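A.B. asks: Read off the chains here:
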Amino acid sequence: MQFFFEVLIGGLLSGVLYALVALGFVLIYKASGVFNFAQGAMVFFAALTFVGFQEVLPGWLGVEPGGAAVFWLALILACLAMVVLSIATERIVLRPLVNQPQITLFMATIGLAFFIEGLAQGIWGANVRGLELGIQDEPIAWMAERTGIFISSFDVFAAVVAGVLVAVLAVFFNRTRVGRALRAVADDHQAALSIGIPLQVIWRIVWAVAGFVALVAGLIWGARNGVQFALTFTALKALPVLILGGFESVPGAIVGGLIIGASEKLAEVYLGPMVGGGIDSWFPYFMALLFLLVRPEGLFGERHIDRV
Amino acid sequence: MKRIQRSLLAAAVMAAVSAPAFAAGEQYVGLPSYRVGPYAAGGSGIFGGMIDYFKLVNERDGGVNGVKLTWDECETEYNNARGVECYERQKKNGPTGNTVVHPLSTGITYSLIDKATADKIPIISLGYGRTDASDGRVFPYVFPLITNYWSQNTAKIKFIGSKEGGMDKLAGKKIVNIYHDSAYGKETIPVLDAQAKMYGFSVTHIAVAHPGNEQQSQWLQVRQAKPDWVILRGWGVMNPTALKAAAKIGYPRDKIVGVWWSGAEEDTIPAGDAAKGYIAAGFNVAGANYPVVRDIQKYVYAKDKGNMEDKSRVGSIYYNRGVVHGIVTVEAIRKAQEKFGKGKPITGEQMRWGIENLNIDNAVLKKLGAEGFMPPTKLSCANHEGSGLVKFQQWDGKQWKVITDWIESDQKLVRGMIEESSAKYAKEKGITPRDCSKEM
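Just so you know, the sequences run in chain order A and B.
Take the first sequence: its position 74, counting from 1, is numbered 75 in the working numbering, and each next residue is one higher.
Take the second sequence: its position 193, counting from 1, is numbered 208 in the working numbering, and each next residue is one higher.
Calculated from the structure, these hints are not laboratory results.
A quick note: this is a predicted structure, and the numbers were derived from the prediction, not measured.
The C-beta atom is built at its ideal place from N, Cα and C for all residues, glycine as well.
Be a bit skeptical, because a hint or two may be false.
[To be verified] If you only want the chain B side, here are some residues facing chain A, beta carbon under 8 Å, derived:
{"hint": "1", "residue": "Pro53"}
{"hint": "2", "residue": "Ala55"}
{"hint": "3", "residue": "Ala211"}
{"hint": "4", "residue": "Gly215"}
{"hint": "5", "residue": "Ser217"}
{"hint": "6", "residue": "Ile221"}
{"hint": "7", "residue": "Asn228"}
{"hint": "8", "residue": "Pro285"}
{"hint": "9", "residue": "Gly363"}
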């Protein structure tokens with residue numbers, strides 16, 4: 002039973018990491034109704050830009066590498082880079098496509114993904130880098146001693162970060178004017194424009210927030226597995242989370258992440274050996290498919306009722 | 016504005032259609048490289064090392080007996096379809112066509128076996144590719160040099176045996192094989208099972224789905240199994256993730272032994288402290304203090320002609336592996352010239368002869384400044400693998416340290432399995448194996 006709980010808790014904590022990536026998708030979808038295929042590439046770009054600045058700043062400033070000043074300055078510069086990327090995306094990619102069918106916007110994000118991947122490697126190179134956040138990814142000693150359950154302090158840290166981020170975003174969307182404007186834009190571009198909502202400003206804001214979320218996800222995933230191209234694959238982990246939690250719901254991303262994380266780990270440990278293992282790549286999609294049959298809009302997604 | 020647009024378009028079209036020019040009397044090698052995409056770090060390191068070695072031979076020696084080496088790169092992004100496209104694009108370049116192909120991808124190697132055999136262009140799959148292609152009677156144009164995966168695996172078990180105090184001490188031990196769930200990852204399962212039977216240890220195979228950026232459940236299974244040793248057969252992001260996951264369950268890293276595609280700086284640096292103590296196999300070592308690497312610094316980088324954007328990677332595992340690729344290529348060209356005419360570019364078919372008659376012994380290695388850098392190796396018509404020697408290296412937190420001498424693989428076991436597998440392939444394809452006694 003202790004092993005079962007260890008797998009379950011580990012799965013839930015992994016799920017929070019998936020939810021972090023899923024959040025970026027949700028933000029863009031909420032504001033534009035577009036599934037942003039480039040979210041994985043943005044995670045990669047953000048993390049690579051952060052470690053890239055960490056590498057070059059000591060040379061520029063003449064300080065020792067690895068210091069707190071370099072860390073925070075790199076973080077600020079990476080944030081700014083994501084804002085610039087967001088403004089450029091709105092200006093060059095999205096603005097010409099206002100009022101176009103959503104599939105057109107989706108296709109544009111596919112192109113954007115390839116562009117961002119190339120841009121990141123073009124600027125910072127393709128080397129694999131380590132990323133140190135100063136949080137040990139090792140079992141919490143007192144918990145291991147008392148319960149025999151190994152829970153990583155890094156996973157707990159990531160869960161807290163994701164929790165804070167979700168709380169802030171939930172307040173932003175539900176309690177602020179900008180948040181309400183975002184939701185109006187998502188419902189209907191033309192209607193939103195007709196009542197004076199500045200569509201371009203809204204898109205810039207939401208892409209910038211999604212960029213910030215990508216940076217947080219990139220830092221956490223990068224600290225875990227290294228900053229490398231494979232960060233773009235984190236998007237694959239977020240898709241079933243979105244299907245399950247709903248594309249438009251911030252809390253849905255978290256709940257979906259927890260369900261997917263726990264179920265994929267339990268399935269891999271208890272069902273995997275029966276079918277040759279390695280099932281955690283497709284099991285979440287299988288779960289999501291089953292869920293689609295019962296609740297197509299996801300757990301927290303908005304149910305659309307169209308009048309005939 | 017329109018005029019500028021038209022000029023740019025015309026320039027782009029011209030650039031696209033004009034083939035690169037290669038002078039007569041040069042030896043052309045087409046390089047299907049990958050410098051972007053998920054495996055760019057490996058591609059840029061290995062192709063960078065290989066190109067730097069070619070440059071060294073041109074700059075220092077004036078080429079191979081006066082024949083300058085020439086090359087161009089074609090980006091594959093580690094994609095099979097692009098690999099085949101690059102092969103087709105490059106095969107007729109140069110005065111004698113493409114001399115040799117280094118696909119640097121097991122998938123591309125598989126895709127090219129039939130084509131390259133028909134075109135008589137040898138494929139060197141150094142440390143990867145199809146293991147049973149070591150049987151040159153069935154695969155005349157494929158060379159899985161210097162040590163294939165099965166040989167490496169037997170050396171790994173020998174290493175573990177030595178750590179346990181002898182091969183007889185392996186009986187009753189538990190080994191977990193964590194593998195990338197792909198053809199590459201599964202390649203060593205049969206040989207591991209055969210060795211488990213032979214030495215009496217138990218082996219549990221645990222698959223990790225591509226890309227392997229989440230492995231918690233697999234390592235919890237490791238924790239439950241309580242193995243004496245873990246064999247890591249990963250690739251790319253799977254490797255640092257595995258080391259981090261091992262640290263999370265408190266599994267000692269000095270009991271994890273990786274394949275050489277899990278044993279570069281790119282696999283350990285991202286894992287930080289979690290990689291300290293981890294051991295990996297290798298057919299080349301890390302370090303810039305070998306005469307061959309020092310010569311590259313002196314003749315290539317000092318003249319600002321180096322291929323590596325990040326010069327600190329010179330001497331890294333991948334870079335040095337690229338230098339090994341360069342050495343075997345150049346030495347095979349040299350050997351072929353001895354038979355087919357010094358100072359003249361050779362064809363792919365002649366290159367095959369050169370590779371089959373390659374004998375890089377310790378004296379040659381010393382002359383090349385690569386003693387201890389790579390193992391001595393000797394090939395033949397039947398043996399397309401070579402020496403099958405492996406060293407083991409341990410990550411000390413900052414760099415790889417060699418911890419063994421060259422360890423011999425169990426060729427008795429491996430060769431038997433290779434011949435069994437290649438005979439099956441020959442039967443399927445209707446190939447009549449070459450009679451090597453008639454080959455000169």
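A.B. asks: Determine for every hint whether it applies to the structure shown.
C.D. replies: We went through each hint and held it up to the structure:
Taken as an interface hint, proline 53 of chain B checks out: its beta carbon lies about 4 Å from the nearest beta carbon of chain A, inside 8 Å. Interface restraint check: alanine 55 of chain B against chain A, minimum CB-CB distance 3 Å, threshold 8 Å, status holds. Interface restraint check for alanine 211 of chain B: the shortest CB-CB distance to chain A comes to about 18 Å, outside 8 Å, so the restraint is violated. The criterion of a C-beta within 8 Å of any C-beta in chain A is not met by glycine 215 of chain B, whose closest approach is roughly 23 Å, and the hint is violated.
Look at serine 217 of chain B: its Cβ only gets to about 15 Å from chain A, farther than 8 Å, so that hint breaks. At about 6 Å, the closest approach between the beta carbon of isoleucine 221 of chain B and any beta carbon in chain A falls short of 8 Å, and the interface hint on this residue holds. The restraint placing asparagine 228 of chain B at the interface with chain A holds, with a minimum CB-CB distance near 5 Å, inside the 8 Å limit. Interface restraint check for proline 285 of chain B: the shortest CB-CB distance to chain A comes to about 2 Å, inside 8 Å, so the restraint holds.
With its C-beta approaching chain A no nearer than about 31 Å, glycine 363 of chain B sits outside the 8 Å limit, and its interface hint is violated.
Checked against the numbered hints above, the structure violates hints 3, 4, 5, 9; every other hint is satisfied.
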